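**Student:** Residue numbers (the numbering used here), protein chains in the order written: chain H, 15 to 241; chain C, 15 to 241; chain Z, 15 to 241; chain B, 15 to 241; chain A, 15 to 241; chain X, 15 to 241.
Misleading hints may appear alongside valid ones.
Which copy is meant is left open, so a pair is good if it fits within one copy or across any two.
Under the rule of at most 16 Å between Cα atoms (straight-line distance), these lysine to aspartate or glutamate pairs were calculated in the EDC-like manner [claimed, not checked]:
(1) LYS197 - ASP29
(2) LYS55 - GLU17
(3) LYS238 - GLU89
(4) LYS55 - GLU104
(5) LYS55 - GLU230
(6) LYS157 - GLU230
(7) LYS212 - ASP224
(8) LYS197 - GLU17
(9) LYS238 - ASP200
(10) LYS157 - ASP224
(11) LYS215 - GLU89
(12) LYS238 - GLU17
(13) LYS212 - ASP34
(14) LYS55 - GLU206
(15) LYS197 - ASP241
(16) LYS197 - ASP34
(17) LYS238 - ASP34
(18) LYS197 - GLU230
Think of the hints as simulated: they come from the structure by calculation, not from any bench. Everything numeric in this text was worked out from a predicted model, so none of it was measured.
Protein chains: 6
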Amino acid sequence: MHELGVVYRNITRADRAAADGLAALGSATVHEAMGRVGLMKPCMRPIYAGALVSGTAVTVLLHPGDNWMMHVVAEQIQPGDIVVAAITAECTDGYFGDLLATSFQAHGARALIIDAGVRDVKTLTEMGFPVWSKVISSKGTIKATVGSVNIPVVCAGMIVNPGDVVVADDDGVVVVPAALAGKTLDAARAREANEGEKRNKLASGILGLDMYNMREPLAKAGLKYID
Amino acid sequence: MHELGVVYRNITRADRAAADGLAALGSATVHEAMGRVGLMKPCMRPIYAGALVSGTAVTVLLHPGDNWMMHVVAEQIQPGDIVVAAITAECTDGYFGDLLATSFQAHGARALIIDAGVRDVKTLTEMGFPVWSKVISSKGTIKATVGSVNIPVVCAGMIVNPGDVVVADDDGVVVVPAALAGKTLDAARAREANEGEKRNKLASGILGLDMYNMREPLAKAGLKYID
Amino acid sequence: MHELGVVYRNITRADRAAADGLAALGSATVHEAMGRVGLMKPCMRPIYAGALVSGTAVTVLLHPGDNWMMHVVAEQIQPGDIVVAAITAECTDGYFGDLLATSFQAHGARALIIDAGVRDVKTLTEMGFPVWSKVISSKGTIKATVGSVNIPVVCAGMIVNPGDVVVADDDGVVVVPAALAGKTLDAARAREANEGEKRNKLASGILGLDMYNMREPLAKAGLKYID
Amino acid sequence: MHELGVVYRNITRADRAAADGLAALGSATVHEAMGRVGLMKPCMRPIYAGALVSGTAVTVLLHPGDNWMMHVVAEQIQPGDIVVAAITAECTDGYFGDLLATSFQAHGARALIIDAGVRDVKTLTEMGFPVWSKVISSKGTIKATVGSVNIPVVCAGMIVNPGDVVVADDDGVVVVPAALAGKTLDAARAREANEGEKRNKLASGILGLDMYNMREPLAKAGLKYID
Amino acid sequence: MHELGVVYRNITRADRAAADGLAALGSATVHEAMGRVGLMKPCMRPIYAGALVSGTAVTVLLHPGDNWMMHVVAEQIQPGDIVVAAITAECTDGYFGDLLATSFQAHGARALIIDAGVRDVKTLTEMGFPVWSKVISSKGTIKATVGSVNIPVVCAGMIVNPGDVVVADDDGVVVVPAALAGKTLDAARAREANEGEKRNKLASGILGLDMYNMREPLAKAGLKYID
Amino acid sequence: MHELGVVYRNITRADRAAADGLAALGSATVHEAMGRVGLMKPCMRPIYAGALVSGTAVTVLLHPGDNWMMHVVAEQIQPGDIVVAAITAECTDGYFGDLLATSFQAHGARALIIDAGVRDVKTLTEMGFPVWSKVISSKGTIKATVGSVNIPVVCAGMIVNPGDVVVADDDGVVVVPAALAGKTLDAARAREANEGEKRNKLASGILGLDMYNMREPLAKAGLKYID
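With the rest of the complex left out, here is chain H:
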């Protein structure tokens, strides 16, 4: 967040198979598989329901009310990337619209995650280009000050290093460090593997109290039943 005026062209992206595979697990399961870390603040919401993506992060640091670096980061996108945009101060302006989305999409970006505002959401929805942002706003921006591309940034409270994996869906946005992508994918799949069986049991009326053997620890913790 401290280095201004630089674009790192060569970044090490997380393993592609792991980066691609994590989408299917969803942000909640991935977050749990990480030990309950890595989640951006819940103010980050998708512009339309049902979007589900994972990919490798290219990062961009912008100034309040200035989207110049959006054009710079566009050139650094590779297919399978997700652009993660941070701002040097709180700002709700609409940094991104359908023209930039067209450009990002042409270069293979899967989504934008931005700690600010977005606009043209109707067109973006029609294009199927998902954005997670903290606000929707028509407010335009200028192009006057340089920031940076592919430095570590803080987006919605979470550190994102270029090349990290981002997983985003209706529940939120999780960041997986590149070095942990494979291990996290394994852990997330293991978590999900027995969810089907659990769901069937719960659907049949079996209680979590019994399925997870909670009655004894609850009693030990002092829980009392009163008729």
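Please arrange chains C, Z, B, A and X on chain H, whose structure you already have, making use of the hints.
**Tutor:** The following block gives chains C, Z, B, A and X in isolation, referenced to the frame of chain H:
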């Protein structure tokens, strides 16, 4: 909100017919019929549009970041109930997802009202299990500290006693004390009875100013027209 | 915002063709065409996605928790108007529902913009009567104190004079002073005229960096690339 | 929160000695002694630093923008009481100023706790009449609609029954149910009894890790040290 | 709020005696004397307690993160003025510090009212130059884009025309249109004239219920006492 | 933010003279000297006015509602350090009070910066131990889950690496990477060197417009004066 570590198994639920009948009136009409009290704060939003439920409250008090008691309350659900979840401090974690929803649904719960976060909203929407919450978040919780079930709680600013009626739709969540359920149903139906006629008059161009005889009291209150 | 108890019956509305024509451009383009002014705060959100309107403002100033003046403003609506409602203090109550919407619609109103809450959103959606508000709430209001109609008001941070043009869509709400409507329409159309060509270029992979000749000014501003 | 238009004249106040004695412990210790329940939301702030009070609650429920019931509750104040004011919907108006404070003080009230706004804070500070509120605002109120006095209310997220003990200081506001006042005073004093010894040890450089024997449980929980 | 790039040099300031005299009444009394209009949002807080000013407004419209126009407005200040600063979009940057305050003070400004952030608050406090702002922030600004001086602006939700009177104290900030300054001063003084007598009565224990003859209207409104 | 259950004992602290020297410059000047980066969000406020510190960061990552790691970080404090505390999710609990402050102070800590709540603020003020936090709350915490010490964390939106310099005062909290501490100190001193002369000029009535030669660039940018 003060008694920890207890589960009340026998609660007096509001009259079933009244509890079931209030859904059709909607939260706005029920709130008016109560004399404009009973409404939770408007930060409580449904996870999908169009859901409309009423039912009897079973309440649960949880600790921040800890959903252990969700499994305890599941056992106390009876068909026609709505679970109302309060937290001992402000928290936005995702306390509830598709597995717990499967269990709640299996026991006859109609909805969850929670003064915190929820996750797996895509699956919950597909299951048709509505949740009203103040946030959506992947953030998971632990199971370490006991709270209580079926004590009076405060959820989104409103007292909820176990057995009270909860009415929730796109406009918000209203709580009707069990003892007032029948009377409120009558008052709400009376309110709605002449809405059709009013709507027809207004649709024909008749003004509320005339339909409600407001011109004279407005003039008395000092309203002046300037051409 | 200072004159209470008056209704101005004769207001000068913006040129009808300009007022009607601005909808097609959308709030983001109109806001840019104005020089990036005129936008209400982004807390103003539509009750359903996809609504897009423009029209001439009739304004109403109400007191917290009191919607009496909504009936007064209804009489001043002419076809093509949009009602803009301001409150003398912060309030999240539901000032407006399906009955008032029926009346407004009968008199030709295209939308309501309100710096407070709205209710009956499901019915309003079915009626196709769009509302932009900062909250949705069942909370009802009383009819006790007079405000004003067609005075200058502040709605969500923006001055609105009666007769101004309002443009509202999924991205937000923009106010165009009546005297600038025609000029703004021209500027907005000019802006949009070459968007198609730009979009095609960007879709083909041409970068904004090149299309807008940004490389040299970025270098002058000190941007460095690191391999 | 549901009964409108009533004033309960006879309420059972908590034991006076317990109510008076809790102030010296402070809100944090009392809250811990209760098992970490009873705390109002932290948005409740004192109008001046250093105030510290405890007393018995008389409650009042008011409507948004209407302080009529403040005069009604004044008559129900007894020496040693603290007035707790709740509103039927979110409101930031200034319900209370120096004249009402003069009246409250004349009848023996020690403080006001209000889930809304207050004004004349400079004079209130000079009078030494502390108020905990969520906002400071000049915004005046009307006197048009009746609420209730001495019914159970929700103030800043916490249930308050008339006669409960309220403890308020720079750290926040805690509510102790009348029936638990004596027991809580004992528990709070026990908590505080050995604080002096602990403080001396910590001041001498002894670590909480050692004083509380945390090293072993931390290691069991998986904590690792890396040189 | 719509005209960019202009500085109006000749504005009509409110009557000096009225502008100066209103400070002594305070924001709450002035706001009441106006009929409860004119108050900025309560998020506007003074940087130190006890400041109390009134004066004539010179207005400035700035862009997010850009304080260039602060230097332009400095030249338009006359002794007895208060600078009112609005921003074209939400921004929390620190637009103003001790150097600008030195300049403003040298030209006779009494205070700054800004719908954004301020810094150097310790030095400003020592200088006795009061600022009402919505945030305190070290965040600096650039000087790149022109706004306007002495156009009508919206500051914290309230319209301010150049020359209007601003009254600010610990309770908030009120705007009095220039044309109403004298009348408002009279009304405010009349309001305050009998406050001393009321205060004495209330201090002696007489209730507002009796002093204002509220018992009968309360009973008519349905208030019931229960023993 | 991703590594749980580890304590790094050996960290590289920034140059001591630079870390100590930055306090005198203040957060606003340091932030400017860094190129306007490094500032935490302005929600971070000191518990008392006038505190001014700089020092080297030791970092701690805690779980919501759990302050166990505060005791772990205490052991890692060296004289001249400032503890920077981050939480894995949003939380307003009071993690820190007078006992922990006694321990921190005994080991040479100068302050705590915490992205959550603090309590015992009256005693902390008397002790002269400053805390910057986003909330004040009596709400206590448990000791159940391990976090980490001296890993990179995000606190109030800013990355903090162990050993970085933290500068905090009434205006906010700035983070200076350890490697940039000396250079930043030089730049900040250079910035401040000519402030005295500027202040004298401005105090004499010279305008920033002239002192900074802004008239020509403003005219070029299109600013027009209207008499």
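**Student:** If a hint holds in the structure, say so; if it does not, say that too.
**Tutor:** Going through the hints against the structure:
| no. | hint | result |
| --- | --- | --- |
| 1 | LYS197 - ASP29 | within (11 Å within a copy, 38 Å between copies) |
| 2 | LYS55 - GLU17 | neither (24 Å within a copy, 18 Å between copies) |
| 3 | LYS238 - GLU89 | between (62 Å within a copy, 14 Å between copies) |
| 4 | LYS55 - GLU104 | both (14 Å within a copy, 8 Å between copies) |
| 5 | LYS55 - GLU230 | neither (35 Å within a copy, 33 Å between copies) |
| 6 | LYS157 - GLU230 | between (63 Å within a copy, 13 Å between copies) |
| 7 | LYS212 - ASP224 | within (12 Å within a copy, 43 Å between copies) |
| 8 | LYS197 - GLU17 | between (31 Å within a copy, 14 Å between copies) |
| 9 | LYS238 - ASP200 | neither (39 Å within a copy, 24 Å between copies) |
| 10 | LYS157 - ASP224 | between (60 Å within a copy, 15 Å between copies) |
| 11 | LYS215 - GLU89 | between (50 Å within a copy, 14 Å between copies) |
| 12 | LYS238 - GLU17 | between (57 Å within a copy, 11 Å between copies) |
| 13 | LYS212 - ASP34 | neither (26 Å within a copy, 31 Å between copies) |
| 14 | LYS55 - GLU206 | neither (24 Å within a copy, 36 Å between copies) |
| 15 | LYS197 - ASP241 | neither (48 Å within a copy, 25 Å between copies) |
| 16 | LYS197 - ASP34 | within (14 Å within a copy, 42 Å between copies) |
| 17 | LYS238 - ASP34 | neither (47 Å within a copy, 31 Å between copies) |
| 18 | LYS197 - GLU230 | neither (33 Å within a copy, 29 Å between copies) |
Hint violations for this structure: numbers 2, 5, 9, 13, 14, 15, 17 and 18, all remaining hints satisfied.
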